Amino acid sequence: MIVNKISEIIEQILKDNGESLSSAITQYTTFQDIGLTSFDLATLTVEIEDEFDVDIFEDGIITNIGEIIKLIEEK
Amino acid sequence: MFWIDRLRKLEITYLDLLNKINQQSSNNVFIREENPYLVFLNILKNFLSGQRSIILDYDFSEDELYKLGITNTTIKESEYIQEDFSKKFHSIQEIIFYLKTNKKKIELDIYTSGTTGRPKKITQSFENLTRGVKEQSIYKDNIWGFAYNPTHFAGLQVFFQAFFNTNTLVYIFGNDFKRISLDLKVLQVSHLSCTPTFFKMLLPHVEGNINSIVSLTFGGEKFDPKIEKFIIKKFPNAVIKNVYASTEAGSLFRSDGEYFIIPEKYVKLIKIENLELYIHKELLGKSKSFKLVGQWYKTGDIVELYDGGKFKFKNRKSEMINVGGYKVNPSEVEDIIKTIKGVADVIVFGRKNSLMGEIVVAHIVKESSQNAKDLKEKIKQITSLELQEFKVPRLIKFVDSFELTRTGKIKK
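So the sequences go chain by chain: A and B. FYI, the numbering for the first sequence is 0 to 74, going by numbering that gives the first Met the number 0. FYI, the numbering for the second sequence is 0 to 411, going by numbering that gives the first Met the number 0.
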């Protein structure tokens, strides 16, 4: 499932920072809920691009996991 | 009001500032402060004492400082006692007048990546620092959202623009973006100057719109025209400007939207040759690191030309990586990683992304005996300790060999 893969990517990004997810990710989870910095978001962008061939910030600003899933499904 | 910093619970009036400046104190020409208010207070105290200011990023590691030739002893030996100025300066306006009268004599050293990536010293005169400052009575009620690192050129520019007009500065760099959005509204900030990356991070947290902002100025990175529609919606009264500035040359010109034009006063001092921007040495600060071609400094900024002398910035010629406006020299990062046991070889380059422009990526050839997972953690740990945050590789990949150079050609 897409959300599981996204969750895995985010968990690794947080782990690299010495942090972890405090709760499970859903489509309603925002980047702010997770506490992602601008560097983390940039890393997430390229990891998602490598995995799904989608640039999530290409067309503007997104703020939550649901918007990422939508972009991936639309591709 | 002079300074508001919600994170540090600071509210400082211009009278508070005057009293602090006038107070006899032990100062240091080296300024390395975590609190940005203290960065500016100490710059002012040094200038008024006839001393230069040497500004250091607070997050420079001891190793990075050592490479710059700066030790704890160097810093200790640069302390001096500032006299009581209370009979000399009776108002902030007197201080501003003094600074303007002595602008050619005052200098400031910035140790920062600038255009080169590897920290180098660049000396700017106060005259150069304040070249772009505009003072007019219509600016007197401006309230600035301060969204730059205070030790970087853009931050100094915003500071002096606000200070010379005795405006309020609201320090928001490093704050939570939800909080920043609220503060911009509640404090009725009128002017926001920041990098496009900062702005893209802020936008999702802006609920409704912020009508108070009448000026949005972007610098440090190429402007992303895709965010313009979001700006119009959330900041309906804002005029957008882009600034071209560098640590080497200071603030040179502004654009409306994406298009720049060389101002009349600089037509003999700025030129475009083979689509690259050149700046005459007369406009530069002082540095041993400048490599000139005759009288000209090659910026490495490549442009696209349009009718009527207009141009847009396209990309950078050099191998510098631009991470949200901060320049990274890949060789500096490679040098650190090469020292790590288990790394056989490394190449560092920028990976494009729509949010920050680029992020730093490292491809590693590891020694066969090394566990990849352990080595990756070690590389992350050591680079985080030795380098400023924006230089730390965000993606680390292990490869058997290198196929491409960082510019996409076969590595020799």
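Bear in mind the hints are in silico, worked out from the structure with no lab data behind them. The structure presented is a predicted model; accordingly, all values stated were derived computationally and were not measured. Any given hint could be a false lead.
Unchecked claim - Taking lysine-lysine and the BS3-like style, the derived pairs with C-alpha atoms no more than 30 Å apart in a straight line are:
hint	chain 1	residue 1	chain 2	residue 2
1	A	Lys4	B	Lys184
2	B	Lys139	A	Lys74
3	B	Lys177	A	Lys14
4	B	Lys396	A	Lys69
5	A	Lys69	B	Lys287
6	A	Lys14	B	Lys365
7	B	Lys313	A	Lys74
8	B	Lys309	B	Lys337
9	A	Lys14	A	Lys74
10	B	Lys221	B	Lys232
11	A	Lys74	B	Lys232
12	A	Lys4	B	Lys375
13	B	Lys221	B	Lys184
14	B	Lys365	A	Lys4
15	B	Lys225	A	Lys69
16	B	Lys66	B	Lys87
17	A	Lys74	B	Lys221
18	A	Lys74	B	Lys351
19	B	Lys396	A	Lys4
20	B	Lys372	A	Lys14
21	B	Lys377	A	Lys4
22	B	Lys133	B	Lys313
23	A	Lys69	B	Lys232
24	B	Lys221	A	Lys69
25	B	Lys337	B	Lys311
26	B	Lys177	A	Lys4
27	B	Lys87	A	Lys14
Claimed, not checked - Simulated restraints on C-beta separations:
hint	chain 1	residue 1	chain 2	residue 2	range
28	B	Tyr97	A	Glu50	58 to 66 Å
29	B	Val213	A	Asp32	43 to 51 Å
30	A	Gly65	B	Tyr57	36 to 44 Å
31	B	Lys99	A	Ile1	42 to 50 Å
Stated by the list, open to error - Covered by chain B, according to a simulated footprint, are these stretches of chain A (three or more residues, beta-carbon under 8 Å):
hint	segment
32	30-42
33	59-68
Beta carbons are placed, not taken as given, at the ideal position from N, Cα and C, and that holds for glycine.
Structure-inconsistent hints, enumerated in ascending order: Result: hints 1, 2, 5, 8, 16, 25, 27, 29 and 31 break, sorted rising.
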